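Visitor: Take the given structure of chain A and dock chain V to it, following the hints.
Number of protein chains: 2
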Amino acid sequence: MKRNNKLPGKTIERLSQYRRSLLLCLAQEKTHIFSHEIAALLHITPVQVRRDIMLIGYTGTLRQGYDIRELIDLIGEIIDSQDGLNVAVIGLGNLGRAILTYLSGKRTKLRIAAAFDINPEKVDKVYGGVPCYPLDRLQEILEKEEVSIGILTVPATETAGVANTLVNCGIKGILNYTPKPINVPPHVYLQEYDMITSLEKVAYFVKRNQQPG
Amino acid sequence: MKRNNKLPGKTIERLSQYRRSLLLCLAQEKTHIFSHEIAALLHITPVQVRRDIMLIGYTGTLRQGYDIRELIDLIGEIIDSQDGLNVAVIGLGNLGRAILTYLSGKRTKLRIAAAFDINPEKVDKVYGGVPCYPLDRLQEILEKEEVSIGILTVPATETAGVANTLVNCGIKGILNYTPKPINVPPHVYLQEYDMITSLEKVAYFVKRNQQPG
Chain A
0 MKRNNKLPGK
10 TIERLSQYRR
20 SLLLCLAQEK
30 THIFSHEIAA
40 LLHITPVQVR
50 RDIMLIGYTG
60 TLRQGYDIRE
70 LIDLIGEIID
80 SQDGLNVAVI
90 GLGNLGRAIL
100 TYLSGKRTKL
110 RIAAAFDINP
120 EKVDKVYGGV
130 PCYPLDRLQE
140 ILEKEEVSIG
150 ILTVPATETA
160 GVANTLVNCG
170 IKGILNYTPK
180 PINVPPHVYL
190 QEYDMITSLE
200 KVAYFVKRNQ
210 QPG
Chain V
0 MKRNNKLPGK
10 TIERLSQYRR
20 SLLLCLAQEK
30 THIFSHEIAA
40 LLHITPVQVR
50 RDIMLIGYTG
60 TLRQGYDIRE
70 LIDLIGEIID
80 SQDGLNVAVI
90 GLGNLGRAIL
100 TYLSGKRTKL
110 RIAAAFDINP
120 EKVDKVYGGV
130 PCYPLDRLQE
140 ILEKEEVSIG
150 ILTVPATETA
160 GVANTLVNCG
170 IKGILNYTPK
180 PINVPPHVYL
190 QEYDMITSLE
200 KVAYFVKRNQ
210 QPG
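Residue numbers (numbering that gives the first Met the number 0), protein chains in the order written: chain A, 0 to 212; chain V, 0 to 212.
Only chain A is shown next, with the shape it has when bound in the complex:
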């Protein structure tokens, strides 16, 4: 059992993806699954799947494979926080609202506690069960709601300023969806995602496949 060691980021990503697929299988009333089935769902090798699942101390049976419910629970023990973590979405444009809808009720251990915007028409309303506060109450609400993670979906011009405020408020992790990279001190965990990069990667391989040779 290596449950108490810190696992690499890539392993955590895959465990999260395994759980996502397993939850879909469970919804289809499947009870057991083989590593090669998980691998096919995620376009990776069965060896990779077996290695990851062995790493978290689980083994299936040769005849039936993994028990889906047990594996989901075990992945939860590894990657979820026992007491749950509170999350805030900063910026309720289309992307911010998409994220609220998307995350609403998906993971019980990650609670979207608050949303923020500067638009007075959005403030004091509730989106997907989450109250929207004015941006100038960021510090107050983050403290009150004990928010650990901020999802940044503000316009690029506001990115740096809001990120600094989050850091000053003691945020522990930031997921940056704005088109502008940010800098945070080493004690804050940062994950950045830019759609342009994903799209350019697809475009590159599409182009290359079209070309002869």
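Calculated from the structure, these hints are not laboratory results.
Warning: the hint list may mix true and false statements.
It does not matter which identical chain is used: a pair holds within one copy or between any two.
Stated by the list, open to error - Below, in silico cross-link-like pairs of lysine-lysine (DSS-like), each with a Cα-Cα straight-line distance of 27 Å or less:
hint: 1; residue 1: K29; residue 2: K179
hint: 2; residue 1: K29; residue 2: K124
hint: 3; residue 1: K105; residue 2: K143
hint: 4; residue 1: K9; residue 2: K179
hint: 5; residue 1: K124; residue 2: K5
hint: 6; residue 1: K29; residue 2: K108
hint: 7; residue 1: K121; residue 2: K9
hint: 8; residue 1: K108; residue 2: K5
hint: 9; residue 1: K9; residue 2: K143
hint: 10; residue 1: K5; residue 2: K29
hint: 11; residue 1: K5; residue 2: K143
hint: 12; residue 1: K124; residue 2: K9
Only a predicted model underlies this, so the values are computations on that prediction, with no experimental measurement involved.
Guide: Showing chain V alone in chain A's frame:
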């Protein structure tokens, strides 16, 4: 010069990210940049930056570093399609609309040619310069507009069906933002992204940093 070899996906992602940062520097009227500056912006090592840029056949000068304009153009030659590629967004919920806004005018070589939705209130309107068509005209419009890449932002229940239609229409690449993984034949390039995975990764490292030891 290795420009004609197919570069790995990870290299393409970094080149795309370099260009993103370089465009921001250029907007701030900076003309030259050192590898360690690019590295700091993207939280990677200067060695990695120099290796990638050497790989595409470019070198800076010791005194001034890289010429930003030249490097942007060169990255474009490598990762962009000469004639451009047409993209369609399928599903105009919050996420689909966020993507249209986000990509609008960002990269001249990737043109968002069409959007699709089943909601009659959205159909025949224009979003961020992009016309929205009814989903049942998918095949006709994809052919007419010569669309190579589909961005999937439909509800999870529709994912598999729409993905199959895209493949049957001869799509070359799919960027899947729905919470449901898909299967495509080998000639279609697939990139999937799930926000839950990114958020769970941030949560894992936030939790681990909070724990003593």
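Visitor: Checking an output row: K29 and K108, CA cutoff 27 Å. Within, between, both or neither?
Guide: within (24 Å within a copy, 44 Å between copies)
Visitor: With identical chains, the pair K108 and K5 could be close in the same copy or across copies; at 27 Å between alpha carbons, which is it: within, between, both, or neither?
Guide: within (19 Å within a copy, 42 Å between copies)
Visitor: Can you give me the call for K5 and K143, within, between, both or neither, at a CA distance of at most 27 Å?
Guide: Cα proximity of K5 and K143: none, with 29 Å in one copy and 51 Å across.
Visitor: Which holds for K124 with K9 at a C-alpha limit of 27 Å: within a copy, between copies, both or neither?
Guide: neither (37 Å within a copy, 41 Å between copies)
Visitor: Classify it for me, K9 with K143: is the Cα-Cα distance of at most 27 Å met within a copy, between copies, both or neither?
Guide: neither (33 Å within a copy, 40 Å between copies)
Visitor: Using 27 Å as the alpha-carbon threshold, which applies to K124 and K5: within, between, both, or neither?
Guide: For K124 and K5, the Cα distance exceeds 27 Å both inside one copy (39 Å) and across copies (50 Å).
Visitor: 27 Å Cα cut-off: does K5 pair with K29 within a copy, between copies, both or neither?
Guide: Neither: 31 Å inside a copy, 40 Å across copies.
Visitor: At most 27 Å between C-alpha atoms: does K9 with K179 qualify within a copy, between copies, both, or neither?
Guide: Close inside one copy (23 Å) and across copies (20 Å); limit 27 Å.
Visitor: With 27 Å as the alpha-carbon cut-off, assign the pair K105 and K143 to within, between, both or neither.
Guide: within (23 Å within a copy, 39 Å between copies)
Visitor: How would you label the pair K29, K124 (within, between, both, or neither) given a Cα cut-off of 27 Å?
Guide: neither (40 Å within a copy, 42 Å between copies)
Visitor: Can you tell me if K29 and K179 fall within 27 Å by alpha carbon in one copy, between copies, both or neither?
Guide: Classified as between: cross-chain Cα gap 16 Å, same-chain 42 Å, threshold 27 Å.
Visitor: Cα distance capped at 27 Å. Does K121 pair with K9 within a copy, between copies, both, or neither?
Guide: neither (37 Å within a copy, 39 Å between copies)
The structure does not agree with the numbered hints 2, 5, 7, 9, 10, 11 and 12 stated previously, though it agrees with the rest.
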